[in-house]
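S.K.: Residue numbers (our numbering), protein chains in the order written: chain R, 1 to 255; chain S, 1001 to 1255.
Just to be clear, a hint being listed does not mean it is correct.
Said to hold, decoys possible - Part of the chain S face toward chain R, derived, beta carbon under 10 angstroms:
1. Gly1155
2. Glu1170
3. His1209
4. Arg1211
5. Leu1214
6. Leu1233
7. Glu1243
Note that these hints are calculated values from the structure, not bench results.
On a predicted model such as this, the values are computed, not experimentally measured, just so you know.
Think of the CB as a built atom: it goes at the ideal place given N, C-alpha and C, for glycine as much as any other residue.
Number of protein chains: 2
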Amino acid sequence: MTYCVGILLDDGIVLASDSRTNAGVDQIACYTKTHTFTWLGQRHMALLSSGNLATTQSVISQLQREAQLNDSHGPSLASLGSMEEAAHHVGRVSLAIQEQYASKAHAEARFDATFILAGQIAGQSPQLFLIYPEGNPITPSPYSPFLQIGETKYGKPILDRIITPALSLENAARCALVSMDSAMRSNLSVGPPLDLMIYRRGQIDGGIHTRFELNTPYLVALRKSWNNGLKRLFQRLPEFNWEHFPHVQSPPPGE
Amino acid sequence: MTYCVGILLDDGIVLASDSRTNAGVDQIACYTKTHTFTWLGQRHMALLSSGNLATTQSVISQLQREAQLNDSHGPSLASLGSMEEAAHHVGRVSLAIQEQYASKAHAEARFDATFILAGQIAGQSPQLFLIYPEGNPITPSPYSPFLQIGETKYGKPILDRIITPALSLENAARCALVSMDSAMRSNLSVGPPLDLMIYRRGQIDGGIHTRFELNTPYLVALRKSWNNGLKRLFQRLPEFNWEHFPHVQSPPPGE
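Next up, chain R with everything else stripped away, as it sits in the complex (with noise of 0.2 angstroms):
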């Protein structure tokens, strides 16, 4: 398993992913799961994969064969009129790799693989598209600005509470961070390091792309901060009505 999510804002995009690939659990690998595509100024694209490993890295290799070629050869993230166009192309290509592998001795066996797809086109409204193993996508809603594939559940709940499409860049970058290290912490499937990529709107320059280990500083006091924050929290919550009488040492019930 794997989590990745993307957080559709109106200062832009935040992008999050981890690293961990199993099969099973004594088959545990390292991979990064966000795959970038830059051409200065003119367009800049991330794409987060979860599923089948060797469907996603022979898609997202693909892509990158595709861009290195000029228009002639056909389609490509590099030429693509708009990230809604890019979407349906990252479906068809990873569709067409998943029915290659396909095949009667081993009807059973699934390919699937899932994409994240967010970037900007220079002119165009930075987008963010969630598509389907079957390669339909889709994109997020105002009232729940944000797409998450994997193991998406534990990191949910902080994200419903937090995230509008006002929040800063740097608050939703620090809520998908959490989100992950709540994932991380409840699921043995997901695992650092944790990478992080920015997109401000409008500015098409890559980006700014981080990677976390569990020991750098930025992760270890933003982890340390939240956990003794949560415990604060909790002393400060309000009190059964039970509470106040059994001690009369204790004190009135909080604000």
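Please build the complex by placing chain S on the supplied structure of chain R, with the hints as guidance.
M.R.: Chain S only, in chain R's frame:
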């Protein structure tokens, strides 16, 4: 789906459950998942249920019938010598009921149910069990002294971060409610009202059983306090190093 959690503390036991039962999205109903058995001063137990509604109703109903008969009619929650024996008994009853409905005509149908059993018998320690659909029970470990059934993932991170055996019953109860709230916000298959049970160690009186509707003032205050607290906490998280440079008017990095 549903969501229930049980927490085993030095001071006793905390249990929480939601009330949503659904089969698809157009068959939604409200059933309590917390069922209590009390013999004042002698023993008290609560059984939390998740899974096939016909199975869980039949199990509860059989356990209630047995408990009303006297010992000569066979084992019952009223007479079994330990909480562990009670857990194995619940498992046997559950499996027998599932097998009763298994048929060749509907070989694909599942009648699975999962239970949390908690309580105390006078002179013994409070105990907590999760009983799998196959009928076999487990207890929690002191490193992670809680057990969950149903839609468990959304509410797990906050338990992982906060729960230790030394926590007070009231703080653990607030944590259980926050965990339920996280699952409710993020998943439609978990819904109010919430049942909260608190068994204080050595006090065999049926415990404190409280039910919270979404508009019960305490639950409203807890949800508000938690959400506002999280938002404040976000404002105090450490800044990224690049946040110090672009805006000279911004405050210096926090503690």
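S.K.: Return the numbers of the hints above that this structure violates; sort them in rising order.
M.R.: Hint check: 3, 4 and 5 fail, others pass.
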